[in-house]
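Novice: Using the hints provided, position chain B relative to the given structure of chain A.
So the protein sequences, as listed, match chains A and B. As numbered in this note's numbering, residues 38 to 151 make up the first sequence, in order. As numbered in this note's numbering, residues 4 to 113 make up the second sequence, in order.
If you're looking for bench data, these hints aren't it; they were derived computationally from the structure. None of the values given here were measured: they were computed from a predicted structure. The beta carbon of each residue, even a glycine, is placed where N, CA and C say it ideally should be. It cannot be assumed that every hint is accurate.
Said to hold, decoys possible - Some chain A residues flagged as far from chain B (calculated, every beta-carbon gap over 12 Å):
{"hint": "1", "residue": "T51"}
{"hint": "2", "residue": "G77"}
{"hint": "3", "residue": "G95"}
Unchecked claim - Keeping only pairs whose Cα atoms sit at most 20 Å apart, straight-line, the calculated EDC-like set for lysine to aspartate or glutamate is:
{"hint": "4", "chain 1": "A", "residue 1": "K94", "chain 2": "B", "residue 2": "D30"}
{"hint": "5", "chain 1": "B", "residue 1": "K59", "chain 2": "B", "residue 2": "D81"}
{"hint": "6", "chain 1": "B", "residue 1": "K70", "chain 2": "B", "residue 2": "E18"}
{"hint": "7", "chain 1": "A", "residue 1": "K94", "chain 2": "B", "residue 2": "D81"}
{"hint": "8", "chain 1": "B", "residue 1": "K59", "chain 2": "B", "residue 2": "E48"}
{"hint": "9", "chain 1": "B", "residue 1": "K70", "chain 2": "A", "residue 2": "D138"}
{"hint": "10", "chain 1": "A", "residue 1": "K94", "chain 2": "B", "residue 2": "E6"}
{"hint": "11", "chain 1": "B", "residue 1": "K70", "chain 2": "B", "residue 2": "D81"}
{"hint": "12", "chain 1": "B", "residue 1": "K59", "chain 2": "A", "residue 2": "D138"}
Claimed, not checked - Footprint (simulated), chain A over chain B, 3 or more residues, beta carbon under 8 Å:
{"hint": "13", "region": "39-51"}
{"hint": "14", "region": "76-82"}
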Amino acid sequence: KAGVTQTPRYLIKTRGQQVTLSCSPISGHRSVSWYQQTPGQGLQFLFEYFSETQRNKGNFPGRFSGRQFSNSRSEMNVSTLELGDSALYLCASSLVMLGTDTQYFGPGTRLTVL
Amino acid sequence: QKEVEQNSGPLSVPEGAIASLNCTYSDRGSQSFFWYRQYSGKSPELIMSIYSNGDKEDGRFTAQLNKASQYVSLLIRDSQPSDSATYLCAVPYNNNDMRFGAGTRLTVKP
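Bound-form chain A, shown alone (with noise of 0.2 Å):
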């Protein structure tokens, strides 16, 4: 069974751009959950979408947001970015039987924000 992958991999962009990352879960995986990983905070979470639907959001500014398509593939989009924007963006999946499932990881995607 294939993995979680992302898209684009790696990523350049100038302050006050915006971006969307996209991300496709493995076959039947129902939930997508976002992450941002920097040196300095670590891994934090972004939000969670499960059915199409945002279940969870975590303490980030509103240019931060998402969707999920019926097919379960999630994008994510940063808009008006900043330098502290610059991280290693991943994204999750699990199967959601219960409240909270194994979330797998994909590859990330590398922002870097000149």
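Specialist: Frame of chain A, contents of chain B only:
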């Protein structure tokens, strides 16, 4: 107090030794716990999950959970240089909102 705390590390052990990684969590109601391994430049990879008090073994890895003490640990027996990585403890806060510790960097020296 951080929700999930780990040994600050780094931790260095000789090849063949036992590496012990520790994690404490703040939410007494937490029911599931995960250990991930992350190699430099790569994404986290699941090692083990544990839900019940006691030990859970999988090959060279043993996870230990003590809910009364709000403590979870990971033991790596017969450590190999390929085990050198950062180990992340993760505890779900709300459904799939996973809270991670800062990670412990392990180096296994040949």
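Novice: Taking the closest pair, is the beta carbon of T51 of chain A still more than 12 Å from chain B?
Specialist: 24 Å, holds
Novice: Against the 20 Å threshold, does the CA-CA distance of K70 of chain B and D138 of chain A hold or violate the hint?
Specialist: Cα-Cα ~19 Å, so holds.
Novice: Could you check that no beta carbon of chain B comes within 12 Å of the beta carbon of G77 of chain A?
Specialist: Given that some Cβ of chain B is not farther than 12 Å from that of G77 of chain A, nearest at about 10 Å, it is violated.
Novice: Assess, step by step, whether the Cα of K94 of chain A is no farther than 20 Å from the Cα of D30 of chain B, and give holds or violated.
Specialist: Answer holds: K94 of chain A to D30 of chain B is near 18 Å, not above 20 Å.
Novice: Within 20 Å, alpha carbon to alpha carbon, are K94 of chain A and E6 of chain B?
Specialist: OK: K94 of chain A and E6 of chain B at ~17 Å, within 20 Å.
Novice: Check whether the Cα positions of K59 of chain B and D81 of chain B lie no farther apart than 20 Å.
Specialist: Holds. K59 of chain B to D81 of chain B sits at ~17 Å (cutoff 20 Å).
Novice: Given that the region 76-82 of chain B was listed as covered by chain A, double-check it with a C-beta distance under 8 Å for 3 or more residues.
Specialist: violated (count 0)
Novice: For the pair supplied as a hint, K70 of chain B and E18 of chain B, confirm whether the alpha-carbon distance does not exceed 20 Å.
Specialist: Violated. K70 of chain B to E18 of chain B sits at ~31 Å, over the 20 Å cutoff.
Novice: Can you confirm whether the C-alpha distance between K59 of chain B and D138 of chain A stays at or below 20 Å?
Specialist: Holds, because 18 Å separates the two Cα atoms, which is no more than 20 Å.
Novice: Using a Cβ cutoff of 8 Å, are there at least 3 residues of the region 39-51 of chain B near chain A, or does the coverage claim fail?
Specialist: With 6 residues in contact (Cβ-Cβ under 8 Å with chain A), the coverage given for the region 39-51 of chain B holds.
Novice: Just double-check G95 of chain A for me: nearest Cβ-Cβ distance to chain B has to come out over 12 Å.
Specialist: 7 Å, violated
Novice: Has the given pair, K70 of chain B with D81 of chain B, been kept, meaning a C-alpha gap of at most 20 Å?
Specialist: Distance of about 27 Å is beyond 20 Å: violated.
Consistency note: the structure conflicts with the earlier hints numbered 2, 3, 6, 7, 11 and 14.
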